[in-house]
Amino acid sequence: MSFGIKRGVRFNILSESDLERIHWGTLHILEKVGVQVDSPACRKLLKDNGCEVDEKTRIAKIPSHLVEYALQKKKTSITLAGRNPKYDAKLDLNHSFMTANGNGAVAVDFETGKRRPSTKKDVVNSSKIIDALQNVHIHWPMVSSTDQHPSTVHLHDFDASLNNTEKHVMYETGVTLSDAKTLTEMGYIAAGGEKEYRRRPLSSCLQCTYAPLQHDAGVMDASLYFADKGVPLVFFGMPQPGATGPATLVGSLVVGNAEVLSALTMIQLSTPGAAIIYGMGNAPLDPRTTIRAGGSPEHAISSAIATELAHFYDMPSCVGVSATAKEPGDQAVLEYYTGCVGPLLAGADLMCGVGLLEDSSCLFYEQIVIDDEIVGAIARLIRGEWADDDTMALDLIEKVGPGKDFLAQRHTVTHIRSEFFMPNLVDRRSFDAWSQAGSKSIRDRARDKVKDILAHHQVPPLAPDVQKKLDGVIEKAKKSTWGGESKVY
Amino acid sequence: MNYEMETIADLAKQSLKDGVDPLVAIEKGLAEGIKTVGERFGRGEIFLPELVMGAEAMKAALAVLEPAVPKGKHRSSAGKVVIGTVQDDIHEIGKNLVSTMLSSNGFEVIDLGVNVPTADFLKKADEVKPQMLAMSALMTTTMPRMAEVISPLKKKNKAVKVLVGGAPVTDTYAKEIGADGYSGDASGAVDVAKKLVR
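Protein chains in written order, with our numbering: chain A, 1 to 489; chain G, 1 to 198.
Keep in mind that a hint or two might mislead.
[What the hints assert, rightly or not] Listed next, the in silico SDA-like pairs over lysine to any residue satisfying Cα-Cα at most 20 Å (straight line):
no., chain 1, residue 1, chain 2, residue 2
1, G, K175, A, D147
2, G, K35, A, R288
3, A, K326, G, R198
4, A, K326, G, K195
5, G, K124, G, L153
6, A, K120, G, T172
7, G, K35, A, T289
8, A, K326, G, L153
9, A, K479, G, V192
10, A, K90, A, M392
11, A, K114, G, A174
12, A, K56, G, L153
13, G, K175, A, Q148
14, A, K114, G, L122
Hints are computed from structural coordinates only; laboratory data are not their basis.
Full structure from sequences and hints, please.
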């Protein structure tokens, strides 16, 4: 069986002509308004290729033909390899993959229930949980190892992830050139060398552009390096409709698209054929609380139409889901379900990610497994249905005839396993059976499942010599004072 | 309420021409207006864009009225605040919202913008002697910059209060690095600021 969720259903929200208008509108913005490029190296690259660049404002105006060139050079199908090849995620525009959410700084302690800064142990535990779950295919370091030296926090995050899951690890902390170098070195070590890594990249980096229409210097310098070294990248636009983008979702998509396409252009000019995934996570700023409305219907639809645009470009999409809920339970389920189902019905290739609350900042172990269940149900929704001899079952219907039942039939026995979603956490027992078993809520059952995973799930660790080398890289990267590298603008 | 962002500067000029005392115009006109906007936002009757429009209108009018205030006189303010996003971080919107909310609550805000080097925070604090310094960081990788500002700042000037915020920042972290206050959102930041600057 292939890894990932096979899709057979796809909703259409935008028409082909809508998508074309958005594309041409974006090209217009890139030519007339331009984007702010803070990296001198990137400005030089653009200037050398014929862009109009203003060194004072750092604005680069990018002609359409360069964007079209980048779209020709881009990769359509990208494999994000796992440490174990059975977890290779092949982004082929026919499968969807769920990722963990990432880079929170707070965790609710599984033992004490206390909300506290996250630690490396949290990264270890959440990596194990992600490894064990069936419906989450790609790992992210979910929180930060804030108990480690400030200059090495993100390296410990990556280290704990590599050691505790065999799934692909995507990080979002390669935000300066020196970070990029260290993270790449660690990836090469874990893969067994540069050649092996380039063949099967077992890590990748998600890079955020800055809305509206800006590219951070460190992020872009790091990205040029990653692309050159064979590390797959996601460029993730995040305009917030109504705040850092127009309130209209399509207007914000244009802003995000201009950011992603201009980043794609810079990378393809520097490393033609580099693996780039089209990312977008437009959630509105809630106009009453000023909190980002992750998991809102607008977030879901923005992700869905961004996916349609990515596919218009023949690129795999990576779109976001999150929740503003403060604890696992009703609101978190409502937000995660809404946020996942919209984009997945529209064919999202990578959906990131499960398990964090408070808009991707707080880790609850229980929520990871609840979200896994949500994705399981949605995987069934988007599988698709078809009519053939086997599914129509005319012979069987004739055989059973009127007034009988279909229970003790071979057709039934075999198909139940492929046709029905078998829940892990949803309780379908009668009231009596449920109350006799302790009247447990979905959160209680999630807790039991987490306990079971942490007690019993074994992840083969990296080889001792690999571990030792990784430790060495982290030790070397430790800086006595914070901020060894400052960005040049 | 009309949020006269575009026309308010002309109105302010006209009021000066008509002989209105600029201090009275600020305190009885602008300050009262923005207070109403802030209260209505607090009650959920108007939304963020309206609040920002109100603050923009106030800023435009202040630019006309403040230079006309006679030397030696000052408008009353809830306190002076220096604010910015830390070095290597160019995330702006959260810091801008706090800035807006503070001004709409009567604070005098000096906004240093984004990617503000530690030295610039310290220099400005030395120069304008604010009651409060506010910092924002949106990335786990830039958060430690806040600590870099706080220790030399407090060494030099014990009285100045420090407010921190941004998605990865927590109450615990704020305490750890020696900040006086923390808020998870912009409205909360105003309440904390009011408590700190009293």
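Taking the hints in turn, this is what the structure says about them:
Annotation: proposed proximity of G/K175 to A/D147 holds, straight-line Cα distance about 15 Å (limit 20 Å). About 17 Å separates the Cα atoms of G/K35 and A/R288, which keeps this hinted pair within 20 Å; it holds. With a C-alpha separation of about 31 Å, the suggested pair A/K326 and G/R198 falls outside the 20 Å cut-off, and the hint is violated. A C-alpha spacing of about 25 Å is found between A/K326 and G/K195, which places the hinted pair above 20 Å, so the restraint is violated.
A C-alpha spacing of about 11 Å is found between G/K124 and G/L153, which places the hinted pair at or below 20 Å, so the restraint holds. The hinted pair formed by A/K120 and G/T172 meets the criterion: a straight-line CA distance of about 17 Å does not exceed 20 Å. Of the supplied pair hints, the one linking G/K35 and A/T289 holds, its CA atoms being roughly 18 Å apart against a limit of 20 Å. Distance check on the hinted pair: A/K326 and G/L153 sit about 34 Å apart at the alpha-carbon level, beyond 20 Å; violated.
Pair hint A/K479 plus G/V192 does not hold up; C-alpha atoms about 34 Å apart against a cutoff of 20 Å. Note on A/K90 and A/M392: the hinted pairing is violated, with a Cα-Cα distance of about 31 Å set against a maximum of 20 Å. A distance of roughly 17 Å separates the Cα atoms of A/K114 and G/A174; the hinted pair therefore holds under the 20 Å criterion. Between the alpha carbons of A/K56 and G/L153 the distance comes to roughly 32 Å, so the proposed pair goes past 20 Å and is violated.
Between G/K175 and A/Q148 the alpha-carbon distance is near 18 Å, which keeps this suggested pair within the 20 Å criterion. With a C-alpha separation of about 35 Å, the suggested pairing of A/K114 with G/L122 is violated against the 20 Å cut-off.
Hints 3, 4, 8, 9, 10, 12 and 14, counting from the list given before, are not met by this structure.
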